[in-house]
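*Asks:* Listed here are the chains, written in short residue letters.
There are 2 protein chains.
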Amino acid sequence: MDMTKIAICAPASPITPDVAEATQALVAAEFPMHSVHFHDQCFERAGHFAGDDLRRLTAFLECSNDPAFEAVWFARGGYGSNRIAQAAIARVNEAARAKTYVGFSDCGYIMGALYKAGVGQCAHGSMPVNARSPDGHDAVRRVLRWFAGDNSGVEPSIDGGTPTAAFNLITLGMMAPTGLMPDLTDHVLMVEEVSEHLYAVDRIFFSLSGSLPRLKGLRLGDVSDVPENDHPFGTQLEDIAKFWCARAGIPYLGRAQIGHTPSNTVVPFGLASPFKRS
Amino acid sequence: MDMTKIAICAPASPITPDVAEATQALVAAEFPMHSVHFHDQCFERAGHFAGDDLRRLTAFLECSNDPAFEAVWFARGGYGSNRIAQAAIARVNEAARAKTYVGFSDCGYIMGALYKAGVGQCAHGSMPVNARSPDGHDAVRRVLRWFAGDNSGVEPSIDGGTPTAAFNLITLGMMAPTGLMPDLTDHVLMVEEVSEHLYAVDRIFFSLSGSLPRLKGLRLGDVSDVPENDHPFGTQLEDIAKFWCARAGIPYLGRAQIGHTPSNTVVPFGLASPFKRS
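Heads up: the sequence lines are chains V and X, in that order.
If you count the first sequence from 1, position 61 lands on 60 in numbering that gives the first Met the number 0, and the numbers rise without skipping.
If you count the second sequence from 1, position 261 lands on 260 in numbering that gives the first Met the number 0, and the numbers rise without skipping.
Check each hint, because a few of them may be wrong.
What the hints assert, rightly or not - From the derived model, a few chain V residues whose C-beta atoms are all more than 12 Å from chain X: (1) His-36; (2) Arg-131; (3) Ser-132; (4) Arg-144; (5) Thr-170; (6) Ser-262.
To be verified - Covered stretches of chain V, as calculated for chain X (at least 3 residues, CB under 8 Å): (7) 118 to 128; (8) 171 to 178; (9) 215 to 222.
To be verified - A few chain X residues that face chain V, going by a derived Cβ cut-off under 7 Å, partial list only: (10) Ala-45; (11) Met-173; (12) Ala-175; (13) Thr-177; (14) Gly-178; (15) Tyr-198; (16) Arg-202; (17) Phe-205; (18) Ser-210; (19) Pro-212; (20) Phe-232; (21) Gln-235.
Hints in this document: simulated from the structure, not taken from any laboratory.
Here a beta-carbon is modelled for each residue, glycine too, at the ideal position from N, C-alpha and C.
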């Protein structure tokens with residue numbers, strides 16, 4: 000089993016110390032080959048954010064640019080990685096270019112920017128915050144196994160022959176018209192959402208259908224915790240995805256096992272490859 | 000006082016008959032020079048929508064393409080005008096090109112598409128749904144006065160010399176990467192929002208800052224009914240707008256009197272001009 004030195008920072012919202020303790024305990028008990036290092040910045044708070052923009056940027060760069068670490072794991076989503084992503088790309092060094100970056104949800108902004116810039120190997124995957132509840136442990140284990148060279152937690156439809164990326168829907172929709180957006184031409188794109196009304200999901204698909212390039216296809220992940228509306232939307236979730244894929248000329252390929260749920264899997268960006276160390 | 004024959008349809012979500020009765024009563028009592036005609040489609044429901052896409056499109060075209068009417072007033076927002084806007088533009092006739100279109104919120108999609116295509120005179124303004132409550136009557140009166148050639152309800156900062164447009168923030172953000180988006184170069188852009196967290200407002204500004212053209216400036220309208228968050232966002236509303244304007248190189252011009260509130264005013268799109276009839 001490969002061992003991996005993992006640095007953890009929080010480019011969006013902060014975690015509490017119990018999250019770090021739960022992650023450390025899981026790693027010590029089941030993945031003793033790994034080491035996880037939580038940057039102090041993870042626990043700081045400035046309003047919605049884990050420190051102000053400069054603090055979050057600096058912590059990201061201290062983790063990414065340090066050759067002592069092989070991977071950067073984002074502590075949690077929330078909101079805020081979009082605000083530092085452009086500056087982060089401008090300041091990564093050679094050590095950062097050799098790293099693996101794992102996270103999802105709001106961290107899709109910084110991962111999208113890293114992927115666009117060809118910096119390191121990004122992967123959609125669960126985060127330390129998911130270790131807080133026993134339900135999330137399996138999702139975290141999939142990432143820790145992947146760090147160890149074990150692909151059993153990779154999204155099952157990934158065939159290794161088609162470039163893939165995975166994003167939260169609103170994150171992708173908001174990023175689409177900005178300079179952070181990577182070129183997803185000929186990719187299989189997997190999308191997931193949480194806590195959005197079905198009309199908002201429809202609205203994001205509308206927006207994306209106007210800007211996505213020619214995809215190999217789209218897979219729909221979990222859309223969880225959909226709030227009740229005053230009237231039912233009238234179209235089932237999967238039919239929303241099918242409708243907009245048809246309208247945009249994108250092959251709809253079925254479901255993906257990703258989302259804000261315990262069944263969330265690992266989606267390496269680009270051509271799927273096991274996490275490799277020297 | 001000018002009289003105006005106004006057709007009302009619902010390109011997004013439906014209204015109930017009491018909305019039509021309240022509007023008719025207000026017009027009869029205070030604006031007897033106008034006539035308002037509610038299309039039956041306004042009261043129909045298909046899930047979230049006021050009828051399915053084809054029904055809403057057809058009603059819009061029956062109102063717009065009928066030379067007997069001088070204006071089309073959108074009954075309410077909600078969600079759905081984005082789904083029919085492209086087809087609507089493809090099918091408008093000469094009568095539609097001579098009309099005035101008034102609405103806001105979700106109706107920004109179809110108004111954006113009309114403005115892009117140079118069809119008629121669009122104006123941001125309150126809608127019949129706002130006549131449901133006594134609080135909204137003043138906002139509706141501003142529109143009805145504008146239909147009568149009285150500009151007293153036009154947004155006070157409009158100087159008549161600079162092209163202007165007004166949009167709901169999430170509507171504009173979702174429309175930005177699509178083919179519906181009008182060219183707002185050198186416009187004063189006014190934006191408003193309702194029922195979104197401050198982090199979501201920040202996120203939309205981030206997205207727009209990546210795609211807006213060179214504006215004459217931006218004005219911030221009301222951002223109302225902001226939900227409580229688990230932590231305060233940490234930046235005041237107007238500072239969010241100022242931050243992103245500075246980052247995008249857009250002059251921030253101050254507040255605008257628009258929004259989902261009783262003080263909502265009329266913003267004619269383009270170069271401000273009184274509503275003119277032959």
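*Asks:* Against chain V, is Arg-202(X) within 7 Å by beta-carbon distance?
*Replies:* Since chain V brings a Cβ to about 5 Å from Arg-202(X), closer than 7 Å, the hint holds.
*Asks:* According to the definition I'm using, a residue is off the interface if its beta carbon is farther than 12 Å from all beta carbons of the partner; does Ser-262(V) meet that for chain X?
*Replies:* At about 25 Å from chain X, Ser-262(V) clears the 12 Å cut-off, so the statement holds.
*Asks:* Hint validation: Thr-177(X) versus chain V, beta carbon distance must be below 7 Å. Holds or violated?
*Replies:* Since chain V brings a Cβ to about 3 Å from Thr-177(X), closer than 7 Å, the hint holds.
*Asks:* Please confirm whether Arg-131(V) is truly not at the interface, meaning its C-beta sits more than 12 Å away from all C-beta atoms of chain X.
*Replies:* holds (15 Å)
*Asks:* Closest CB-CB distance from His-36(V) to chain X, is it above 12 Å?
*Replies:* holds (26 Å)
*Asks:* Check, residue by residue, whether the segment 118 to 128 of chain V contains three or more positions whose beta-carbon lies closer than 8 Å to a beta-carbon of chain X, and give the verdict.
*Replies:* violated (count 0)
*Asks:* Holds or violated: Pro-212(X) as interface residue toward chain V, Cβ cutoff 7 Å?
*Replies:* With Cβ-Cβ at 12 Å, over 7 Å, it is violated.
*Asks:* If we take the beta carbon of Thr-170(V), is the closest beta carbon in chain X still more than 12 Å away?
*Replies:* violated (9 Å)
*Asks:* Apply the coverage criterion to the segment 215 to 222 of chain V and chain X: a residue qualifies when its Cβ sits closer than 8 Å to a Cβ of the chain, and three qualifying residues are needed.
*Replies:* violated (count 0)
*Asks:* Against chain X, does Ser-132(V) keep a CB gap of more than 12 Å to every residue?
*Replies:* Answer for Ser-132(V): holds, closest chain X Cβ roughly 17 Å.
*Asks:* Measuring from the C-beta of Gln-235(X) to each C-beta in chain V, is the shortest one below 7 Å?
*Replies:* violated (10 Å)
*Asks:* Does the CB of Tyr-198(X) sit less than 7 Å away from some CB of chain V?
*Replies:* holds (4 Å)
Hints 5, 7, 9, 19 and 21, counting from the list given before, are not met by this structure.
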